[in-house]
Amino acid sequence: MNPFQILITFFILILLVIIYRSRLILIERFIFMCILLGGIYFVFSPQSAQKMADLLGIGRGVDLVFYLFIIFSLFYFASISAKMRQLDRILTKIVRADAVENPICGKELPSKK
Amino acid sequence: MRAKKINENVWVVIPAYNEAGSIGDVLDQFMNEDYSVLVVDDCSKDNTTDIILNYPVILLKHSINLGQGAALQTGFEYILNRTDAKYIISFDSDGQHNIKDIPTLLAPLKTGDYDVTLGSRFLMPESVKGMPFSKKIILKLGVLYTLITTRLKLTDTHNGLRGFSRGTLKHINITQNRMAHASEILDQIAHYKLRYCEVPVTIQYTEYSKKKGQSIFNSLNILWDLFFGRNY
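Just so you know, the protein sequences line up as chains U and X, in that order. When we follow numbering that gives the first Met the number 0, the leftmost residue of the first sequence carries the number 0, and every step to the right adds one. When we follow numbering that gives the first Met the number 0, the leftmost residue of the second sequence carries the number 0, and every step to the right adds one.
Bear in mind the hints are in silico, worked out from the structure with no lab data behind them. Take the hints with a grain of salt, since some may be wrong.
As the list claims (entries may be wrong) - Simulated crosslink set (DSS-like; lysine-lysine; CA at most 30 Å straight-line):
hint, chain 1, residue 1, chain 2, residue 2
1, X, 169, U, 82
2, X, 109, X, 192
3, U, 82, U, 92
4, X, 85, X, 128
5, X, 99, X, 128
6, U, 92, X, 60
7, X, 44, X, 134
8, X, 44, U, 92
9, U, 82, X, 60
10, U, 92, X, 85
11, X, 109, X, 99
12, X, 44, U, 82
13, X, 134, X, 99
14, X, 169, X, 152
15, X, 85, X, 109
16, X, 60, X, 152
17, X, 139, X, 99
18, U, 92, X, 192
19, X, 192, X, 169
20, X, 128, U, 106
21, U, 92, X, 139
22, U, 106, X, 60
23, U, 106, X, 85
24, X, 128, X, 169
25, X, 135, X, 152
26, U, 106, X, 44
27, U, 92, U, 106
All figures in this text were calculated on a predicted structure; none of them were measured in a lab.
Excised from the complex, chain U in its bound form (with noise of 0.2 Å):
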């Protein structure tokens, strides 16, 4: 076991507990956990990553990780990005109601509703 394993597996690791612990869903949680499981796997049997590529038609095994990681990355990206949206609308919509309810009135405006 090399020093680098040792640090990368530490931090795996950490995320691991940070995943657990967080507020995703069950699904998702899930699916994190098993990236973070497979990413300490590969750390330490580099070759399997290789077997894999090699099955895949893809070069190196380090390639496969980091194709991996880049449809996992925009994925990722697009999701929280729907999800940014969604909030945006939400947020909008509570800011609204709240200005249309309570109109405050001007000088001098002669009293009506």
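For this one, chain U is given, so just place chain X on it according to the hints.
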């Protein structure tokens, strides 16, 4: 200051954000006119709100800053739900619009032949005179973009001065909180096949409005909003 009853048929919606330098002048214009005025303060950090409250207007206040599109939509919803307005005008708060153009916007609506009137500075040669060249290019790109995406043949697509009939406003639902709402309104005009026309309006390019206006970089932001606003 005014004894006569305010005309509740025509409502003017003015979205404002940090416009302490101009909002007073804008509202001064309305003092001797017969329009109901609704100002939507988009959580200004300067004393815009205090200035507005010195005028006989109705003020709606966003508790956080959402953007001009959101402020307009807030104004529209108030007018549809709380007033009997027949015609609604959107008017910018940075002092570039002239109140004298409002009757020009209202005239086609009052005939019943049109649902929406859009102000165009390019139909009035004097309006374009003081315009910086870079601004002209950006606006023309906006025209081209609109032609491609909505097939609407317009001369000015990013003019804040517009008129709507009440029935039309029910179709308009601005979800683009920031500046992309101008294109969104046009999209909806095309989508609901609303009857529209452009009318010539003046634009005053004061130093203040030039400073507050949209820069080239912001046009890129608007494009970004449009693309990513649609995809998700």
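Against the structure, the hints:
1. 169/X <-> 82/U: 27 Å, holds
2. 109/X <-> 192/X: Satisfied, since the Cα-Cα distance of roughly 19 Å is no more than 30 Å.
3. 82/U <-> 92/U: This hinted pair holds, its Cα atoms lying about 16 Å apart.
4. 85/X <-> 128/X: Violated: residue 85/X and residue 128/X sit about 34 Å apart, past 30 Å.
5. 99/X <-> 128/X: 19 Å, holds
6. 92/U <-> 60/X: Status holds; Cα separation ~13 Å.
7. 44/X <-> 134/X: 28 Å, holds
8. 44/X <-> 92/U: Between residue 44/X and residue 92/U the Cα gap is close to 21 Å, so the pair holds against 30 Å.
9. 82/U <-> 60/X: 26 Å, holds
10. 92/U <-> 85/X: 25 Å, holds
11. 109/X <-> 99/X: 17 Å, holds
12. 44/X <-> 82/U: Judged against 30 Å, a Cα distance of about 28 Å means the pair holds.
13. 134/X <-> 99/X: 24 Å, holds
14. 169/X <-> 152/X: Roughly 23 Å separates the two Cα atoms, so the pair holds.
15. 85/X <-> 109/X: 9 Å, holds
16. 60/X <-> 152/X: Since the Cα atoms of residue 60/X and residue 152/X sit roughly 35 Å apart, the hinted pair is violated (cutoff 30 Å).
17. 139/X <-> 99/X: Given that 30 Å is the threshold and the Cα spacing comes to 25 Å, the pair holds.
18. 92/U <-> 192/X: 27 Å, holds
19. 192/X <-> 169/X: 14 Å, holds
20. 128/X <-> 106/U: 38 Å, violated
21. 92/U <-> 139/X: Violated, at about 33 Å.
22. 106/U <-> 60/X: 16 Å, holds
23. 106/U <-> 85/X: Within the cut-off at roughly 24 Å; holds.
24. 128/X <-> 169/X: This hinted pair is violated, its Cα atoms lying about 36 Å apart.
25. 135/X <-> 152/X: 17 Å, holds
26. 106/U <-> 44/X: Within the cut-off at roughly 21 Å; holds.
27. 92/U <-> 106/U: 28 Å, holds
In this structure, the hints that do not hold are numbers 4, 16, 20, 21, 24, in rising order.
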